[in-house]
Amino acid sequence: MENCIFCQIAQKKLQAQIRYEDQQVIAFDDVNPKMPVHILVIPKKHIESVNKIAEEDTKVVGQLILAAAKLAKQLKIEAQGYRLIFNQGQHAGQVVNHIHLHLVGGQRLGPMV
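First residue of the sequence shown? That's 276 in the working numbering, and the numbers climb one at a time after it.
Keep in mind the hints are simulated off the structure, nothing from the lab. Treat the hints loosely; a few may be bogus.
[As the list claims (entries may be wrong)] Pairs of lysine-lysine residues, derived as DSSO-like cross-links and limited to a Cα-Cα distance of at most 30 Å, are as follows:
1. Lys287 with Lys351
2. Lys345 with Lys287
3. Lys348 with Lys334
4. Lys351 with Lys319
[To be verified] Derived DEER-like restraints, expressed as beta-carbon distance ranges:
5. Ala329 with Lys351: 13 to 21 Å
6. Ala354 with Asn278: 23 to 31 Å
7. Glu353 with Met276: 26 to 34 Å
8. Asn278 with Pro386: 34 to 42 Å
All C-beta atoms in this analysis are idealised placements derived from N, C-alpha and C, irrespective of residue type, glycine included.
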């Protein structure tokens, strides 16, 4: 998508602190971090939201999780723990309409529910 900020980052039209990249996925620091570690993992392909994931997108969504796990190990937070978050829709806090997985950690996280 031409106006999607995450697509522009994936296409290297906008700068970001890239932490991981492969053929399908790119991960970068969140510009407004909520934790000591706050990285966004996105597919290079534009997928608007969790609700818009198609059957052919299931592999790339799995790649997001694998990339996040690799980053957690690289950042040495895998043993203490970390959280993976998909926000779906405005009420859940989704700001950019491009599916993204938040990898957060680096401090003790309380229960979600």
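Legend entry - Hint numbers not upheld by this structure, sorted from lowest to highest: Per hint list: 5, 6 violated.
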